[in-house]
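Asks: Here's the letter readout for the chains.
Protein chains: 2
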Amino acid sequence: MIRDRRIYARSASDDKAPIIALVTALDALHASKIPLNANIKFVLEGEEEAESPHFSQILAANKELLRAEVWLICDGPVHQSRRQQILFGARGIARLDITVYGAKRELHSGHYGNWAPNPAMMLARLVASMQDNDGRVLVDHFYDGIEPLSETEKRAIAEAPEIDSEVKRELWLGRTEGAGKSLVELLNYPSLNIRGISSARSGDQASNVIPSTATAAIDMRLVKGISPDQARSRVVDHIRKQGYFIVDHDPDPDTLMSHTRIAKVASRDAGYPAERTSMDLPISREVLRIAESARGPIVRLPTMGGSVGLYMISQSVGSPTIMVPIANHDNNQHSFDENLRLENLWDGIELMAALLAGL
Amino acid sequence: MIRDRRIYARSASDDKAPIIALVTALDALHASKIPLNANIKFVLEGEEEAESPHFSQILAANKELLRAEVWLICDGPVHQSRRQQILFGARGIARLDITVYGAKRELHSGHYGNWAPNPAMMLARLVASMQDNDGRVLVDHFYDGIEPLSETEKRAIAEAPEIDSEVKRELWLGRTEGAGKSLVELLNYPSLNIRGISSARSGDQASNVIPSTATAAIDMRLVKGISPDQARSRVVDHIRKQGYFIVDHDPDPDTLMSHTRIAKVASRDAGYPAERTSMDLPISREVLRIAESARGPIVRLPTMGGSVGLYMISQSVGSPTIMVPIANHDNNQHSFDENLRLENLWDGIELMAALLAGL
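Just so you know, the protein sequences line up as chains A and B, in that order. Each step along the first sequence adds one to the number in this note's numbering, with nothing skipped, and position 171 is 171. Each step along the second sequence adds one to the number in this note's numbering, with nothing skipped, and position 293 is 293.
Bound-form chain A, shown alone (with noise of 0.2 Å):
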C-alpha cells in the first residue's frame, strides 16, 4: 500500500501539501501543454495561523486585481471517508473568558467551607446553565436568525457518507450529543464550547482551599445569519439573567462588596462571522463537475465545522469562496507527527490539474 504511505514533516499537509500540489500540477500542465481557459491568480497567505491579521488590509488595497469569479481556498483536510470533498463555507468564531469572584484570597476550607462562597462551585453552575444534557445550547435566543439551507445543501448533507460509527470507535466515545443528529448535520448550527476551565489546583497541587477565583474559556462555532457580537451578547444577557453583575475588568472591592455576584467578561479578539456560498450558482456547479471528473463522486457540504475567515475574501473582494482541500483528515496538523498521505499529495496533483485547465 505506498499509496498509503506518508511524509511526516512539519506543516507536510498544512498548508505545504497544497503549495506543492498546485505547481506540480501547473508544471505538468506545461509540459503536456495543455492550455489554461482561465486567468488564474495565485494567493499565498503566510499569516494564515496567526489570524491573518493584515489580508484584510492587503484585500482592501489589491480589490480589482483580487477579483474573480471565484476563489478556491485549499486549506483544510478531505473527508474522513477519505473521499474528496468540497466545502462551500467555513464556520465563524467567537470567543469569551468568564471569570466569577470569591474572597479575596484562597480560604481554609474547614474555617469558612459553608459560609463563603466558592466561585468553582458558582462557575460550574453557570456554565451548566448555559447547555442540557444533550449538548443544546440554552442560551436565550442562541439559535435565533440562523440563515436557513437550501433544498441543494440539505441534499448534501443527507447524501454525505456515514462516518459517525467509525469517528464515535477512533475516539474512543461511548456517546455523542446533538438529540441523534449526524456529525456534518450539527456542524450547520452554532456550538457553545468550554476550551478550559480552571480553578485553584487539582490532582497533586490541590490543597484544602475555597478558591478565590474560577475561570472558563468559551468559543463559539458561528452559522450564517449570526454574528459574533450577537453570540458573545446573548451570552452576556444569560449570565446577566443567572443573577450576576457583569466587569469588563478586575472588580475593586467596592464593587465586590455591593454585588452578590460578578462575572468579568471578556473577548480575546473580535471573532469573525460564517460564510457560505450557494451550491446552486453557476460556478459552483462548474467547480463541482470538474473535480468529478477528476475524481469521481465529490462529498460537498455546505460548511466546514472549523473556522476560516472567508468573509474577508467576500467582504474585501467580493468573490465567492469554495474550499477545495486536499490533505487527509488524519493529518495531526499542529501536533507531533503531522503528516501528508501520499495518495492525497497524487490525487490532490490530479484534481488541481483539472481545475487550472478546466475552469
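Source of the hints: derived by calculation from the structure; they are not laboratory data. We treat Cβ as the ideally placed atom computed from N, Cα and C, and that holds for glycine. Please note that a few of the clues may not be correct.
[Said to hold, decoys possible] If you want the footprint, here are the derived chain A segments under chain B, 3+ residues with CB under 8 Å:
| no. | segment |
| --- | --- |
| 1 | 114-128 |
| 2 | 203-210 |
| 3 | 303-313 |
[Claimed, not checked] Sample of chain B residues facing chain A (criterion: CB under 8 Å; computed from the structure):
| no. | residue |
| --- | --- |
| 4 | Ala124 |
| 5 | Ile146 |
| 6 | Ala216 |
Keeping the supplied structure of chain A fixed, place chain B upon it in accordance with the hints.
Replies: Below, chain B alone, put in the same frame as chain A:
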C-alpha cells in the same frame, strides 16, 4: 500599641508559639515557687503538618503512659474578635478526586463541536448538581446521622461574638451562603467544597479544543456522626445517580466505548472522623473556669471548622481532648509573612501558667 506588634518568622505562631508559651509558663511557675496540682505530661507531635503518619502508632504503643484526664491541644488560633477561645472538637475530613472523560484526545472544537461530549461541561453539570445556589448540599443523605448539639453547645454558639459582617468586609465578600446562618453555626454542619477544578487550559494558554478530560478535587469537612467512608460513598452514589459508571482507575478504550458517562473517583487518603468532647464534663467545666479566671470571658465553641486528628487520641488513649489555642487568627499560617502577635504570646503564657497550676 507595642502589644499589637508581631514577630514575623516561619512557624512563629504555628506551632512555635504554644511551645514557647508553655516552657515560659513553667519557668515562671518555678521561679515564683508555685506548685503544680496535677501530674502534667507533654507531647510534642512534629509531624502534624504531614498528616501525623506515625502518631496513632506511637499513641497505641504508649497507651498507659499517655492516658490522662484531659488532653489540652494548643494548636490553632484564638477567636477573630481576639478573645480567648476554647474549642471542644474539630471537624473531620474526607477527600475525593473526580475525573470525567470525553474523547481520547483533545479535539478541534470546530470540527467536532456540538457532537463530541465536552468533559468540562459534563463535570460542571455534575458538581453543580451537588449543591444549591445557597450552599446546601443536594447529595442524598449528606446530612443524615449528624449527632445533635446539646443545650450547652447550642447556648455557647448563640453567645459567640458576632464576627460575620466584619469577616465579610475583610474578605471583600458581597454575600455569604447558608441561608442566613452565622459562620460559627455553619461549622457544625458537614461541608462539600471544590478545592480545585481543571480541564485543558484557560487564559492565555487556552486553545480551541474540546478537552479530553476534566478533574475536580473535592474536600468534605465532617461532623460527629458521619464517617469519611459514609461521606464518600454518599457522593459516589450521587454521581452514579447522575448516570455515571464509576471506576477507580483510568478506563480502557472498551470501558469508555461501552458507557455513556464515566467518572473516575479516587480518594487521596482515608481521611478521618470529627471529634467532639462534651462541654458538660466536669473536666470541661474545670478548664473553662480556670481559663476564665486568667483571661476573662471565653468564647467556647463545640468545634473548630478545620480538621485536626483528635480522634487518634480519643481512640487510642481514651482521653477527652480540648483545644486551647493562643495564636492570633490573622497569623498567615502556612503562607508568606507568618506572624505571632505579641499580645497573643503574653496572654498565652498567662493562660498556660493558670492551667498548669490550676488543674
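Asks: All the hints need checking, so say for each whether the structure fits it.
Replies: Against the structure, the hints:
no. : hint    : verdict
1   : 114-128 : holds (count 12)
2   : 203-210 : holds (count 7)
3   : 303-313 : holds (count 4)
4   : Ala124  : 4 Å, holds
5   : Ile146  : 13 Å, violated
6   : Ala216  : 6 Å, holds
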